[in-house]
Amino acid sequence: MRTVIGVLIAVVAGLAFAGGGTYALVNSLVPNEAAELQNAPAANNSNGVVNYGTP
Amino acid sequence: MRLVLPAVSAALALLVLTPLLGRGFVLNYDMVFTPDQPLLPDGLGLGSALPRSVPADAVMSFATALLPGDVVQKVVLLAALFAGPLGAGRLVPTDSVAIRVVAAVWYGWSPYVAERLFMGHWPYLVAYACLPWIAAAGLAVRRGEHGALPKLVLACVPAVLTPTGGILAAVLAVVCSGRRALRVTVPVVVLLNLPWFLPSVLRPDGSLSSPDGVGAFAARVEGWGSPVTSVLGLGGIWNAEVVPGSRAMPLVPVLTLLSVAVALVGLRSLAPRWGVAPARSFVLLGAVGVAVAVFGTLPGGGDVLAWAVSHVPGAGLLRDSQKWVAWWALPLALGVALGVEAAGKHLANRAALVSLAALLPLVTMPDLAWGGLGRLEVVDYPADWSAVRAVLEADDRPGDVLSLPMSAFRRFAWNGDRTQLDPAPRFLPRTVVIDDVVHVGGEPVSGEDGRAAAIRGALARNDDLGAVGIGWVLVEHGTPGAVDPRVLDGLQEVWSGPWLTLYRVPGVIAPPPPGAPAPPVLAGDLAALALVASGLLWLLLPAGRFRRPGR
Numbered sequence: 147m148r149t150v151i152g153v154l155i156a157v158v159a160g161l162a163f164a165g166g167g168t169y170a171l172v173n174s175l176v177p178n179e180a181a182e183l184q185n186a187p188a189a190n191n192s193n194g195v196v197n198y199g200t201p
Numbered sequence: 065m066r067l068v069l070p071a072v073s074a075a076l077a078l079l080v081l082t083p084l085l086g087r088g089f090v091l092n093y094d095m096v097f098t099p100d101q102p103l104l105p106d107g108l109g110l111g112s113a114l115p116r117s118v119p120a121d122a123v124m125s126f127a128t129a130l131l132p133g134d135v136v137q138k139v140v141l142l143a144a145l146f147a148g149p150l151g152a153g154r155l156v157p158t159d160s161v162a163i164r165v166v167a168a169v170w171y172g173w174s175p176y177v178a179e180r181l182f183m184g185h186w187p188y189l190v191a192y193a194c195l196p197w198i199a200a201a202g203l204a205v206r207r208g209e210h211g212a213l214p215k216l217v218l219a220c221v222p223a224v225l226t227p228t229g230g231i232l233a234a235v236l237a238v239v240c241s242g243r244r245a246l247r248v249t250v251p252v253v254v255l256l257n258l259p260w261f262l263p264s265v266l267r268p269d270g271s272l273s274s275p276d277g278v279g280a281f282a283a284r285v286e287g288w289g290s291p292v293t294s295v296l297g298l299g300g301i302w303n304a305e306v307v308p309g310s311r312a313m314p315l316v317p318v319l320t321l322l323s324v325a326v327a328l329v330g331l332r333s334l335a336p337r338w339g340v341a342p343a344r345s346f347v348l349l350g351a352v353g354v355a356v357a358v359f360g361t362l363p364g365g366g367d368v369l370a371w372a373v374s375h376v377p378g379a380g381l382l383r384d385s386q387k388w389v390a391w392w393a394l395p396l397a398l399g400v401a402l403g404v405e406a407a408g409k410h411l412a413n414r415a416a417l418v419s420l421a422a423l424l425p426l427v428t429m430p431d432l433a434w435g436g437l438g439r440l441e442v443v444d445y446p447a448d449w450s451a452v453r454a455v456l457e458a459d460d461r462p463g464d465v466l467s468l469p470m471s472a473f474r475r476f477a478w479n480g481d482r483t484q485l486d487p488a489p490r491f492l493p494r495t496v497v498i499d500d501v502v503h504v505g506g507e508p509v510s511g512e513d514g515r516a517a518a519i520r521g522a523l524a525r526n527d528d529l530g531a532v533g534i535g536w537v538l539v540e541h542g543t544p545g546a547v548d549p550r551v552l553d554g555l556q557e558v559w560s561g562p563w564l565t566l567y568r569v570p571g572v573i574a575p576p577p578p579g580a581p582a583p584p585v586l587a588g589d590l591a592a593l594a595l596v597a598s599g600l601l602w603l604l605l606p607a608g609r610f611r612r613p614g615r
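Sequence lines, in order, name chains A and B. Quick note: to get the working numbering, add 146 to the position in the first sequence (first position is 1). Quick note: to get the working numbering, add 64 to the position in the second sequence (first position is 1).
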C-alpha cells in the first residue's frame, strides 16, 4: 500500500513539475503584448555610445 | 587525504579557466591587461582620475615587467579561483575533509565569483580569495598565536590592490582579530591601505561622486525572487548583462532560502568551536554585508545613498553596493558545510548528503564553467597597438594622449564585440585621458575627473587641446562613437592603421593639471611596502623563534 501511495505521489509531483515547467516555458515564449516597443530603452551602441551595462 | 581539498580547489579553478589558458588576453568590461603595462602617474594615484585601480595598476606594471601581461593575467585569475575555495575549506572547524570540500565548492562556485569574473573585476576576485585566509590569520591573532600578525599582513596584501578590496580585507581582519588586538590591527590595515587612501583624500578634485549612478548601480533581482534573495545567494550585481542565465531559474530563490536556513543552523556550531565572540562577529559582519548590499533597493535607501555619495568623500564606494556581500560569502559557505555536517549525524546515508551538497552549486550554476560557456575568450591585440606604442616611445615631445571617441568603453570586432574598458591608458607609455562618463542602460552617469570634463568642453568648442595638456590624439576605429572631423582638422597625422590613428597636436603643450601631491603619496606607498617587507622577513627569517615558551 505504501508503495502505491509513494508511486502516486511521485507521479502527481512529476506531472505538477512538468505542467508547471511547460506553463512557465510557454508563458515566457509568448510575446508580451503589453510591451511598448516604441518606448523601449535604446539598444546597446545606439546613439554612438557603448553601454557599461544594463540594470 | 591532505591533497583532496587542494585538488578540488584546483579542479574548480580549471573548470572555469581551462579554455582561457592559451596565450592572449581576456578583455571584458573592466578587465584590462596589456603585454607590458607602463608605470604612469595614474597607476600610483598621482594623475587626475579617481584612484579606483590603485595600486593595482602599479603592481601590474611591475609584474608585466617580469612576465608577459597575458601570463600575469592567467596567473592572477588561476590563483584567485584556486585560493578562495582552498582557504574556505581550510577555515571550517571540522575533522572531515568532505565537509571542507562542501565549504570550498560553495565559496568557489558562487554567483559572486561568476558575476565579478564576467564583469572583469579581477581585483575583487583576488580580495574574495584572500578573505578566508584573512579570517584564519585574524582568528590566530585573537588566540595570540606566535607569528599570526605577519601572516595577517601578508594575507591582506593581495586584497588591498583596490579601495574595495582594501576595505573588505581591513574590516574582516579587524573583526576576526578581536577587540584586544585593535591597537595593532587598526594601524596595520590603515598602513596597508595608504597607497589608495592618500591619493583619494589629497587629489585636488576631491573624492565626491555623482548621485546619478546610485539607482543604476544598485543591486537587482535576478529572475525570480527579490533583490534580497538574489543578494543572500551572493548574486544581484547591477549589470544584467553579466548574470549567468541559470540565475533566472525559478528554483534559485527557493534554493537560496533553503541554503540560508541550513547555514544558520550550521553557524550555531561555530561558537563552541571558535568561541562565542569571534563566531558572533564573523556572522554579524556577513549580515552587515547583506544589509549594505541591499540598502539602495530599500524604500528611501536610494535617496540616502544619493545624498551620501554627493556629500561624503569616498561614499561613491557604496554605489555598486552588491560587492560588499563578499563578507556574507564566508559565513554562508561555512554555515552550509557545518549544517550538512550536523544533518549528516541524523542520516544513515551521509555520503549521499555530502555529495549532493558539494555538487549543488555546480548543478544550479553550470554556466560558470568553461569560461562562462564561451562568454570569455582569449584574443590578441591587433598590431596597431604595439606600433602606436613604439611611435610614442620614440618621440620625446611633451603632452598626454587623448583617446577618441569620447567613451570609456569600447566594442571591437577583434574582441568579439565585447564591451571592454579602453585599453589605451594601460597599453601606451604616456598618460591617456579617457572619458569618465559611463552610460548605463543608455543613461549617462557623470564621472569625477575634472580634467576629462575640461577636455569635453574643449572638444565641444573646438578649442586648442594643447592648452589642456594634450599633445597627442588617438582615434580608435571600429568601435561605436563618432569623432567630430573639426577636432582632427588642425592635427598632424603621425601613424595610421586599420584600428588606430595617432595624431600630433601642434603648438605649445601646457603641462597637465596637478594631481595629488607626490611626496605624501609616495611616503604612504613606502610605508605600506615596508610593512609588507617586515611581515615577509618576520616569517622567513628566524626572528622570534627563540622565544622561550610561556613568556
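Any given hint could be a false lead.
Stated by the list, open to error - If you want the ones that stay clear, here's a sample from chain A, every Cβ over 10 Å from chain B, calculated:
1. Gly-152
2. Val-153
3. Leu-154
4. Val-157
5. Ala-159
6. Gly-160
7. Gly-194
8. Val-196
Stated by the list, open to error - Only part of the chain A face toward chain B is listed, based on derived beta-carbon distances under 7 Å:
9. Thr-149
10. Ala-162
11. Phe-163
12. Val-195
13. Thr-200
14. Pro-201
To be verified - Restraint-style ranges between C-beta atoms, simulated for each label pair:
15. A:Ala-164 / B:Arg-244: 58 to 64 Å
16. A:Ala-164 / B:Gly-339: 39 to 45 Å
17. B:Gly-339 / A:Gly-160: 46 to 52 Å
18. B:Leu-423 / A:Val-153: 45 to 51 Å
19. A:Gly-160 / B:Val-250: 56 to 62 Å
If you're looking for bench data, these hints aren't it; they were derived computationally from the structure. In this text the structure is predicted, and so the values were computed from the model without any measurement. The beta carbon of each residue, even a glycine, is placed where N, CA and C say it ideally should be.
Evaluated hints:
{"no.": "1", "hint": "Gly-152", "in the structure": "holds (18 Å)"}
{"no.": "2", "hint": "Val-153", "in the structure": "holds (22 Å)"}
{"no.": "3", "hint": "Leu-154", "in the structure": "holds (24 Å)"}
{"no.": "4", "hint": "Val-157", "in the structure": "holds (20 Å)"}
{"no.": "5", "hint": "Ala-159", "in the structure": "holds (14 Å)"}
{"no.": "6", "hint": "Gly-160", "in the structure": "holds (15 Å)"}
{"no.": "7", "hint": "Gly-194", "in the structure": "violated (5 Å)"}
{"no.": "8", "hint": "Val-196", "in the structure": "violated (4 Å)"}
{"no.": "9", "hint": "Thr-149", "in the structure": "violated (20 Å)"}
{"no.": "10", "hint": "Ala-162", "in the structure": "violated (13 Å)"}
{"no.": "11", "hint": "Phe-163", "in the structure": "violated (10 Å)"}
{"no.": "12", "hint": "Val-195", "in the structure": "holds (5 Å)"}
{"no.": "13", "hint": "Thr-200", "in the structure": "holds (5 Å)"}
{"no.": "14", "hint": "Pro-201", "in the structure": "holds (5 Å)"}
{"no.": "15", "hint": "A:Ala-164 / B:Arg-244: 58 to 64 Å", "in the structure": "holds (59 Å)"}
{"no.": "16", "hint": "A:Ala-164 / B:Gly-339: 39 to 45 Å", "in the structure": "violated (50 Å)"}
{"no.": "17", "hint": "B:Gly-339 / A:Gly-160: 46 to 52 Å", "in the structure": "holds (48 Å)"}
{"no.": "18", "hint": "B:Leu-423 / A:Val-153: 45 to 51 Å", "in the structure": "violated (27 Å)"}
{"no.": "19", "hint": "A:Gly-160 / B:Val-250: 56 to 62 Å", "in the structure": "holds (58 Å)"}
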